[in-house]
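The lines below spell out each chain.
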Amino acid sequence: MESLSNRKKVVSNKKMSFMEKLYFPAILGGMWITLKHVFKKHNTIKYPEVKREFAPVYRGQHVLKRDEQGRENCTACGLCAVACPAEAITMTSEERKKGEEHLYREEKYASTYEINMLRCIFCGLCEEACPKEAIFLTDRMVPTFFERNDFIYGKDKLVEPVDQRVDISKRQLTGKRPA
Amino acid sequence: MIIKLIIVVALFAITLGIAAYLTLMERKVAAWMQDRIGPDRAGPFGLLQPLADGGKMFFKEDFRPTNADKWLFIIGPGIAMFTSLITGAVIPWAPALKTATETIAIQVADVNIGILFIMGAVSVGVYGIMIGGWSSNNKFALFGAIRASSQMISYELAMGVSVITIVMMTGSLSLTKIVDMQHGFWDNGWFTWNVFKQPICFVVFLITALAECNRAPFDLPECESELIGGYHTEYGAMKLGFFLFAEYVNMFISCAVISALFFGGYNFPGMDHFSGLTLTILGGVAFFVKTFFFIFVFMWIRWTLPRFRYDQLMHIGWKKMIPIALINLLITGVVIAYTEGWFSKSKDAESASNAKTEQPLGVNTSFEKTKTGNSL
Amino acid sequence: MSNLTNEMVLARLQEKFGDAIRNHEEPYGLLTIEIQSDKTHDLIAWLKTDEVLKMSFLTLIGGAHFPNDKGREICVNYHLHSLVNNVRLRVRAFLPIENPSIQSIIDIYIGADWQERETYDFFGVIFEGHPNLTRILNEDSMDYFPMRKEYHLEDATREDKDDRYFGR
Amino acid sequence: MGKVEIINGVETINGEGFQLTSLDKVIGAARANSVWPLPFATSCCGIEYMGTMGSNYDVARFGMERMSFSPRQADLLIVAGTISKKLAPILKQVYEQMAEPKWVLSVGACACSGGIFDTYSVLQGIDRVIPVDVYVPGCPPRPEQIIEGCMNIHRLVKSESLRRRYSDEYKHLLKKYDLNDE
Amino acid sequence: MSDTPNKNKSLFADETIDGQIATLNLGPTHPATHGIFQNVLTVDGEKILGSVQTVGYIHRAFEKLAERRPYNQITPITDRLNYCSSPINNMGWEMTMEKLIGVQVPKKVDYMRVIIMELARIADHLVCNSVIGVDTGALTGFTYMFQQRELIYELYEEVCGARLTTNIGRIGGFERDFSPTFHVKLKKFLKEFNKHFQEFDDLLLRNRIFMDRTIGAGPISGERALDYGFTGPNLRAAGVDYDVRVMTPYSSYEDFDFIIPVGTQGDTYDRFCVRQEEVRQSLRIIEQAYNNMPEGSYFSPDVPEFYLPTKADVYTKMEALIYHFKIVMGETPVPVGEVYHAVEGGNGELGFHLISDGGRTPYRLQFRRPCFIYYQAYPEMITGQTISDAVLTLSSLNVIAGELDA
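Protein chains in written order, with my numbering: chain B, 1 to 179; chain W, 1 to 376; chain H, 1 to 168; chain V, 1 to 182; chain A, 1 to 406.
Simulated from the structure, these hints should not be mistaken for lab results.
These figures come from a predicted structure and were not determined experimentally.
Hints may contain errors.
Facing chain B, a subset of chain W residues (Cβ under 10 Å, in silico) [what the hints assert, rightly or not]:
1) Val-29
2) Ala-31
3) Trp-300
Calculated cross-link-like contacts (lysine-lysine; reagent style DSBU-like; alpha-carbon spacing at most 35 Å) [said to hold, decoys possible]:
4) Lys-25(V) with Lys-157(B)
5) Lys-36(B) with Lys-188(A)
6) Lys-8(B) with Lys-185(A)
7) Lys-108(A) with Lys-195(A)
8) Lys-48(H) with Lys-8(B)
9) Lys-158(V) with Lys-51(B)
10) Lys-14(B) with Lys-191(A)
11) Lys-97(B) with Lys-326(A)
12) Lys-132(B) with Lys-155(B)
13) Lys-132(B) with Lys-51(B)
14) Lys-187(A) with Lys-41(B)
15) Lys-188(A) with Lys-41(B)
16) Lys-185(A) with Lys-51(B)
17) Lys-40(B) with Lys-185(A)
18) Lys-108(A) with Lys-311(A)
19) Lys-107(A) with Lys-188(A)
20) Lys-158(V) with Lys-155(B)
21) Lys-108(A) with Lys-170(B)
22) Lys-320(W) with Lys-36(B)
23) Lys-319(W) with Lys-36(B)
24) Lys-14(B) with Lys-40(B)
Ideal placement from N, C-alpha and C gives every residue a C-beta, glycine not left out.
Make the full structure from the sequences, and use the hints.
In C-alpha cells, the structure reads:
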C-alpha cells in the first residue's frame, strides 16, 4: 500500500545481530538496569503516614460554604442537582424565616441537602453550576465506610463548621477567572 | 547418632526457616528493583510477613474441588514438599568438625552417590506438580502440569550432562569429594573452584537449575498471565502453601548445589589458616553467603527477564542446552584424557592411584543410562 | 493525493446509481447520500472497487431511530472513507420499523460483522446474510431493542433517586 | 488437612461468637497482614488499582502484592469497575468459589452503586448480588482511597472472630444473597 | 514458529492435528484480559484452533445515556470510554460540539489541547506496552513506566483536578489556564521522561527472549487489517500509515512536525515498536507545542451560550447570569444537524457521530470505538498460534473494556 502521509518510517527491526542472538548481552544489560534500581532510593509514598500533596484544584469531597459571617451560601436553587450527571444530589428548599438571617444568606435555603457519595463521580460540574459559590469540591478525600448508608452525606457533613473553615481560596481559579 | 539427629533436625528447621524467609526476600528484592519498599507493616521491616502468610494459610478454609481426585489432590503438594526437603540431606554444609577424638561431618548423609541422589529426588519432585495439576480437574492446572513435566524432563538431561562433566573432573559422585576437590581458592597457578575450570558447564547448570526450579524465565508451569496459577490454580490454604514452600526450598537447595559444585562449597580463600570449630563455622558462613548470593541472582533474573514461550523453552532445552553440554563434556573428556596421558604411548598414566578413583568414564555411562531410562 | 471533491463524488455516484440515490446533503462538509435500502450493498461493493473513488475503508455502521417518520423509522448509517483520496462519505438507508431488514455487507467488509450485530442489538435491524446475527453487547435474553426511542434508559430497580430533583 | 477445628478448643470469656480470644487476635493479625487480593477489575477503577500496585503507592507494604487470579487462593475480592447485569452471575460465581474467610472491597462508584450509569444494563451496586464489606467511593477513587479501603478491610479482619464464619448471623447473610454456605 | 502472517481465513480451522481438542476459557476474569471479556479457545495442546469471543460484559449503554444528558454533561461520560486516555475522548467530544455550533477556538486552546492529548497518548501507550511486559513475565518494566504515568496524572490533576477520568476542558476551551505548578512539572517531565523511557526500552526491546516471544505473535497483514477496520497503532504496525492527526488535522496538528511510525507484519513486536516510537513522537509534539505556545485566551469568547461565564460576572451582569442558568440547565439552543468528527485516540480513530435535533440532549450520539471494531479480528490473529501468543496478542492490541463494550 502506498504511503498516505509521506511521513512514515518503519521502526521495528526484527533482524537480530549476532550479539543479540547470543541472549546474554541483552540479559546482562537488563540485569544491570534492575541492579541499578536496587541501589536507588525508593519512590513510594508510605500512604497513611506520608500523604502526597494534591493539586489545589483537586476534586474531592464537597463542602457547602458559609460566607464571612457564617451564613450558609446555598439558596437551594437546584442547579447543582440538575448539572449532576450522576444524579447524586438531592435537596429540599425552604423559605428563610424571621430571625434566621444569621444562619442563611439568602431568602431560601436548603433544609436538607444530600449527596450520595457512592453515586458521585467527582466531575466538578456542580461546583461550576453553583451561582452562589456555595458548593465546592475540595482536596479532601471521601473516607471509606463499611455501610452503604454512611455515604449519604447530609448537611451535617457537608456544611463547613463555623470554626473549621475549609480553605478553598486556591480553587477560586474557577470562580474568579482572570478576564 | 545423636549428633546426626541434631543435624537432621537443625537442617530441617533451617531449611524451612530459610524457605519461609526467602518468600520475604523475594518480595523485598522485587520491591527494591522496582523502586518500592515491599512489605513493611508486618513487624519491623516486614519481618513477620512469612509468619503472617503461614498463619493465614493455615487457618484458611481447606478446599477441594468437587470433581478433583481426592487422594491425589492431597498427595500432590505432599510429594512436592517431601522431595524438596530430602534433597538437602546430602549437601555438605560446612567443613567437617575435627575434634580430638572424632570427625563430625556437617552433613546428614555422605552417600557416595550424593549428586545422583539429588538428581533423582528432584525428578521425583515433578510428580508432585503433575499429580497436583492433573487431579485438580482444571484445564489450566492440567496445562501447568504438562508444561512442568516436559520442562523437567528436557532440562534434566542437560543438567545431568553438565553434572557429569564435573563428576569426570572429580572422579566421584560424592558431593563431599567434589567440594573437597575445590579446596581453598588458588592452587597450582589456577583457581581451584570448578566455575573457573568449567564456566560453560556452570552456565548450563545455572540455566537448567532455573528451569528445574520453575523460576523465571522458565516459570511456565505457573505463569500467572497465561495459566492463572498453573498447576496450583485449584489449590488454596496450606496445600497451596506447600507448593509455594516447595518452590522456595527447591530454590534454596539448587543454589546450595550450585555453590557446592561450582563455587567451592564451604571453601574460601585462606581457609588453611583456620582449623577446628572456627573453620567449620567460617566454612559454613562461606557456604551460606555463596548460596544466598545465588538466591539473589535467581530473584534478580526473575524480576528482570521476560519468560519464554513453551516451544521456545523446548527448543532451548533440546537444541541448545544439551548440545552445548555434550560438546563441553566431550572437550572435557579429551582434556582429561590428555592430561592423564592416555594419548602418550606410556601407560604410566593409568597409575594405581587413578584406578582407585571410581573409573570416571564407567560411572558416567552407567549414570547416563539410568537417567535416560528414568526420563523416557 | 488527488483533489477529489464532494461534487465529483456525488456526480460519479449519480452517474452510476442514478435513481437509487434518493437524497443528498452536505452537513458540515461530509457528503451524505440517502440510498434505496436494497441498493446499499451494491453501492458499497462498487465503492470499494471503484478506481476513482477507492472508498475502501468502512469507518462505522450505526443506526438511528426516528419514530415520527412513518415508513422510514429506522435509519442505518454507513461511514465510508477513501484513505487514498482522503474523502469521507456517509451512506444511509431508511427502513420501515415493521420490517427493518437490509442486506449485510459482511462479504465486502469483514469488519462489519460486529458493527452489524451491534446495530441489530440496539435497533433490531435485520442484516440479511449475516451468519451470526445475535445480540452482542446485551444479554441474549433481552426482548427489546434498547436504543429505540420508546424504551427507557433508567434501571427500574434504582431506589435512591427522586426524579423531581433533576428536571428530567 | 481437614477443616480447621481448633477454634472449638479455645475458651472464650463468655462463649459468644464475637468475643475475641487471644488466638483470634493472633490469627486476625496474621490474616490482616497477608490479604491476597483477587482484582476483579473491569474498567477505569482497575487502572487505578494498577496504579496502586505500582511503585508510587505499593500495596506490597501491606503484604498484598501477590495477586491471586485464582479465586481459591484469594482472601479479598476487589471489585473495581462497572458490573453489568450480564456480568453479575460471573461475579457471584467468583465469590462463591473463594474459600472462607473472604472479604469484599467494592471500589468506585460503579461497583458500589452503579454511579453515573443508571442504565438498563448496569447492576446498581454489587451488594445486590454479593455481600460487601467496605465501600470505596470515587470515580475512580485515588490510590490513597483504595489503600484506605484496604486498611479498613484489615481492621475488619483483625477484629473478626474466627467463629464468625460459623455464626448464624453469617449464615443468614449468605442466605440473604442466596449463596451456598459451602 | 509462525513468522509468516496468519493465512487461515476461517474463524475455525476445520482440520485438526492429531490429538484431542479441548476448549479453554480465556476470561472473563482471566488475568490476561485486563478488563472483562471472554474468549473460548479451542485448543489442541498448546495450539489454538479457533476462538469464540463474548463481549458486552461491561456494556453500560453510553449511547442511550448520551441521549438523556445535556451536551455539557456528556464530557464525563466520554471519560469512561477509553479510560487510559480520557482527555483525548473529552476533547474529541468538545471539538465535535464546537464543529456543530461552528466556533473557532483560539490557537492557544488548540496548543493546550495538543499538549494534554499527547500526554494522554503517552499514558495510554505506556500502559499498553508495560502490560505487554507484564504478560511476558517482566513485571519490573511495568513499575518503571507506571512511575512515569503517575507524573502524567499529576499533570492532569493540576489542570482539571482529577487523575484518570479527567472531565478536562469545556466546550469552547479550558476550564482554567495552566497553573504555574503545571509549567514546572511539565518542564521537569519533558526533561526526565526520555531517560526513564530509554531504560524501559533497553530492558525489553532488544532482548532476545522478548523478541522471540513477540515476533510473529498475532500477525495481521495491512490489507486484512483495513478490511477489519483497524485504525491507530495496530493498523500502523501492519504497515499502513493512516493517522487522523495527519489525514484530517484537527486542533492545529498540521503545525507540528512528527513522523508516523509503522511496522511491517503487524505482529506484537511491530505493535510494541510502533507504540514505543509514538511515545517519542508525542513527546516531540509536546515540546513543539509547549515552546511555540501562542499568547491568547484559554477559552473562546465567542460562545457565551456554551462556555460558562465567570462567577464574578454571574453576580454582577444579568446577561451572564442568564447564560449561566441556560448552560447549566442545558437550555441553550444548538443547531439542527449532523456531525462526524474523528480524533486519533489512543487506539485509533475515535469518532463521534452526532445527530442533533436542536433539543437539549443529542438526538443520537454514536461513538466510533476503535477497540470494538478491531477486536473482532482477534480470533483470526491467534488461530494457529499458542496460548502464550494469544495472551500477548490480546495485550498488545490494547483492548480497553470500556471502549469495547461502551
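Next item on the list: Starting from Lys-97(B), check that the Cα of Lys-326(A) is at most 35 Å away, please.
Entry: holds, 30 Å
Notebook entry, point to check: Holds or violated: Lys-108(A) with Lys-195(A), Cα cutoff 35 Å?
Noted result: Answer holds: Lys-108(A) to Lys-195(A) is near 29 Å, not above 35 Å.
Checklist line | Hinted pair Lys-36(B) and Lys-188(A), Cα distance within 35 Å | finding: Between Lys-36(B) and Lys-188(A) the Cα gap is close to 22 Å, so the pair holds against 35 Å.
Note to self: Hint check: Lys-25(V) vs Lys-157(B), CA-CA at most 35 Å. Holds or violated?
What the structure shows: Holds, because 34 Å separates the two Cα atoms, which is no more than 35 Å.
Item checked: Hinted pair Lys-108(A) and Lys-311(A), Cα distance within 35 Å -> holds, 23 Å
Checklist line | Satisfaction of the Ala-31(W) interface hint, Cβ to chain B closer than 10 Å | finding: holds, 8 Å
Checklist line | Hinted pair Lys-320(W) and Lys-36(B), Cα distance within 35 Å | finding: holds, 31 Å
Notebook entry, point to check: If you draw a straight line from the CA of Lys-48(H) to the CA of Lys-8(B), is it 35 Å or shorter?
Noted result: holds, 24 Å
Notebook entry, point to check: Is the interface hint for Trp-300(W) satisfied, with its Cβ closer than 10 Å to some Cβ of chain B?
Noted result: It holds, given that the least Cβ distance between Trp-300(W) and chain B is near 6 Å, below 10 Å.
Item checked: Proposed proximity, Lys-170(B) with Lys-108(A) (alpha carbon, max 35 Å) -> holds, 24 Å
Item checked: Pair hint Lys-185(A) and Lys-51(B), alpha-carbon separation not exceeding 35 Å -> holds, 19 Å
Note to self: Run the distance test for Lys-319(W) versus Lys-36(B): straight-line Cα separation, threshold 35 Å.
What the structure shows: With a Cα-Cα distance of about 34 Å, the restraint between Lys-319(W) and Lys-36(B) holds, given a limit of 35 Å.
In terms of the numbered hints stated before, the structure departs from none.
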